[in-house]
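S.K.: Letter by letter, the chains look like this.
Protein chains: 2
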Amino acid sequence: MTDDPRASSPETGDEHPRNPPAVAVVDAQTPGNVGTIARAMKNFGFSELLLVDPPELDPDGEAYGFAGHAREDVLPNAREVSFDHLVENYHTVGTTAITNEDDQHHVRFPFTTPAELADRLERVEADTVVVFGREGVGLTNEELARLDEVCSIPASAEYPVLNLGQAATITLYELRTIALDPGDVQLPDVERVRADEPSLERLYDQWAALLEEINHPEEKRAKTMRMLRRLHGRADPTVQEVTTLLGVLRRATERPDREEN
Amino acid sequence: MTDDPRASSPETGDEHPRNPPAVAVVDAQTPGNVGTIARAMKNFGFSELLLVDPPELDPDGEAYGFAGHAREDVLPNAREVSFDHLVENYHTVGTTAITNEDDQHHVRFPFTTPAELADRLERVEADTVVVFGREGVGLTNEELARLDEVCSIPASAEYPVLNLGQAATITLYELRTIALDPGDVQLPDVERVRADEPSLERLYDQWAALLEEINHPEEKRAKTMRMLRRLHGRADPTVQEVTTLLGVLRRATERPDREEN
Chain A
1 MTDDPRASSP ETGDEHPRNP PAVAVVDAQT PGNVGTIARA MKNFGFSELL LVDPPELDPD
61 GEAYGFAGHA REDVLPNARE VSFDHLVENY HTVGTTAITN EDDQHHVRFP FTTPAELADR
121 LERVEADTVV VFGREGVGLT NEELARLDEV CSIPASAEYP VLNLGQAATI TLYELRTIAL
181 DPGDVQLPDV ERVRADEPSL ERLYDQWAAL LEEINHPEEK RAKTMRMLRR LHGRADPTVQ
241 EVTTLLGVLR RATERPDREE N
Chain B
1 MTDDPRASSP ETGDEHPRNP PAVAVVDAQT PGNVGTIARA MKNFGFSELL LVDPPELDPD
61 GEAYGFAGHA REDVLPNARE VSFDHLVENY HTVGTTAITN EDDQHHVRFP FTTPAELADR
121 LERVEADTVV VFGREGVGLT NEELARLDEV CSIPASAEYP VLNLGQAATI TLYELRTIAL
181 DPGDVQLPDV ERVRADEPSL ERLYDQWAAL LEEINHPEEK RAKTMRMLRR LHGRADPTVQ
241 EVTTLLGVLR RATERPDREE N
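Residue numbers (the UniProt record's numbering), protein chains in the order written: chain A, 1 to 261; chain B, 1 to 261.
Quick caveat, the hints were computed from the structure, so don't treat them as lab data. The C-beta atom is built at its ideal place from N, Cα and C for all residues, glycine as well. Don't take each hint at face value.
[To be verified] Derived CB-CB ranges, DEER-like:
no. : chain 1 : residue 1 : chain 2 : residue 2 : range
1   : A       : Gly61     : B       : Asn141    : 30 to 36 angstroms
2   : B       : Lys223    : A       : Asn19     : 25 to 31 angstroms
3   : A       : Glu80     : B       : Arg258    : 29 to 35 angstroms
4   : A       : Gln29     : B       : Thr244    : 31 to 37 angstroms
5   : B       : Ser199    : A       : Glu116    : 21 to 27 angstroms
6   : A       : Glu122    : B       : Glu135    : 32 to 38 angstroms
7   : B       : Arg258    : A       : Asp119    : 41 to 47 angstroms
[Claimed, not checked] Footprint (simulated), chain B over chain A, 3 or more residues, beta carbon under 8 angstroms:
no. : segment
8   : 36 to 49
9   : 204 to 217
[Unchecked claim] Short derived list, chain B residues pointing at chain A, Cβ under 8 angstroms:
no. : residue
10  : Ala40
11  : Phe44
12  : Gly68
13  : Arg71
14  : Pro154
15  : Ala155
16  : Ser156
17  : Asn163
18  : Asp184
19  : Val185
20  : Leu249
Construct the entire structure; sequences and hints are all you get.
M.R.: Laid out in structure tokens, this is it:
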């Protein structure tokens, strides 16, 4: 059964230094996939790459070619280790595209999705490694049986088997929340900056002035204004957008160009 | 400003047939990336691939080599179209790694994340296309200015630029919820099947019996039982796991092997 790492984690109070999981690749056949994984690691804040039975990684070859800026650190710092080393030193999460669909089999069930894994690891202090298997067959049953838990990506039942590099990319993307501090994310998961209400009200006033100016049928004005409010409301317009639109509407209402003629 | 497609969608009531967005790739340089995108499309339930100024896709080359099973349908069914065709016929979502960080610039702001985009498109009926740009520079400002909205993947501020194939993979993964019906997902985003409470109670009773049998200090038993409940509670054990553990604990308590000696 799953070994819960929280059971053995010391009570350290609120202190919780970020310690992103290591990433291990077992018996990769294609140097390009190792490079792709290294690049995703750097994109999402991971640095420790462990390779079990890796292919040769020629500095002029595909691994470095696919690694982007990770060719400067993640890839050259990768360490070759044994599968035993992973099992003995880390809380291990195996990844697989092929799961058992019920709870009668332990090897590939229960599994977490990458999103669930991110939620859970957020609250765990333990050295963790996420383990990816070889192209084609992934991790074997024998390998998965030695790992602490199993993670699988939700995908089409018709074709759930992802390419190794793509599976690792998605998994590391989902785990970014435990690897990157919010301040280190280029695009924080924040709401867009909606314009303040007084600005929006000026916008609606200007719309109303325009409707009056163009002699929009009086009995339709309230309904049209409701439509406009809903339309803009759903779009969460920014200050800049409201300002621009307000300028346009004001010109359309007041037609300063005509006065000059 | 963003053109909200819901504004023009007809009132069709609750009927909402799945109509996954099309995927467009503009001026890709590398056939392998087109193949990678085709594979991710098939993994996550997309089928309509549109190519603007594509490289040659040799059936014996990298595009087909990287496409997995998508070499049978998504890739051979891809259509070559113009950028104008996208703008004129679809609600267009441009993707970019480089955004403007404030609301003073329209071209790359506001942006949504892929997860936000999935939430929003879930409630929209309109022909939508998600547009990916060329390797290296992505979509140009001129191209983005003609698209309806912008989407960007949260990534490390130190190195936010994803490879084209990896960016498309993550975006399509996040959009799977609007492309795949829940029944078509190999791994539904469901909770694991937790064993029923009576089974868990039998497990705790057996733990208690074991503590008594091994003369665990009486003053510590309540605390130990609380720890065991918490430990198992967090792990959401399955019926099979509880059954197995119960068997082990019963043997440890009753030691039938000893009785036989």
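S.K.: Closer than 8 angstroms, Cβ to Cβ, for at least three residues: run that test on the segment 204 to 217 of chain A against chain B and report holds or violated.
M.R.: Violated, because only 0 residues of the segment 204 to 217 of chain A bring their Cβ atoms closer than 8 angstroms to Cβ atoms of chain B.
S.K.: Does the hinted range 21 to 27 angstroms hold for Ser199/B and Glu116/A at CB?
M.R.: holds, 23 angstroms
S.K.: With a cut-off of 8 angstroms, does the beta carbon of Pro154/B approach a beta carbon of chain A closely enough for the hint to hold?
M.R.: holds, 4 angstroms
S.K.: Is it true that Lys223/B and Asn19/A lie within 25 to 31 angstroms of each other by Cβ?
M.R.: holds, 29 angstroms
S.K.: Would the hint on Arg71/B be counted as holding, given a Cβ-Cβ threshold of 8 angstroms to chain A?
M.R.: Constraint on Arg71/B not satisfied, violated at 11 angstroms.
S.K.: Please verify that hint: Asp184/B, Cβ, nearest Cβ of chain A, below 8 angstroms or not.
M.R.: With a closest approach of 5 angstroms, the Asp184/B hint holds.
S.K.: Hold the hint about Phe44/B up to the distance rule: shortest CB distance to chain A must be less than 8 angstroms.
M.R.: Check passed: Cβ of Phe44/B comes within 6 angstroms of chain A, closer than 8 angstroms.
S.K.: A closest beta-carbon separation below 8 angstroms is what the hint needs, so does Val185/B meet it against chain A?
M.R.: holds, 5 angstroms
S.K.: Quick check on Leu249/B please, does its C-beta sit within 8 angstroms of some C-beta on chain A?
M.R.: violated, 12 angstroms
S.K.: Under the criterion of a CB-CB separation shorter than 8 angstroms, is Ala40/B in contact with chain A as hinted?
M.R.: This interface hint holds because 6 angstroms falls under the 8 angstroms limit.
S.K.: A range of 32 to 38 angstroms was offered for this pair. Does it hold for the Cβ distance of Glu122/A and Glu135/B?
M.R.: holds, 33 angstroms
S.K.: Using the Cβ atoms, figure out if Gln29/A sits within 31 to 37 angstroms of Thr244/B.
M.R.: holds, 36 angstroms
Violated hints, listed in ascending order, are 3, 9, 13 and 20; each of the other numbered hints is respected by the structure.
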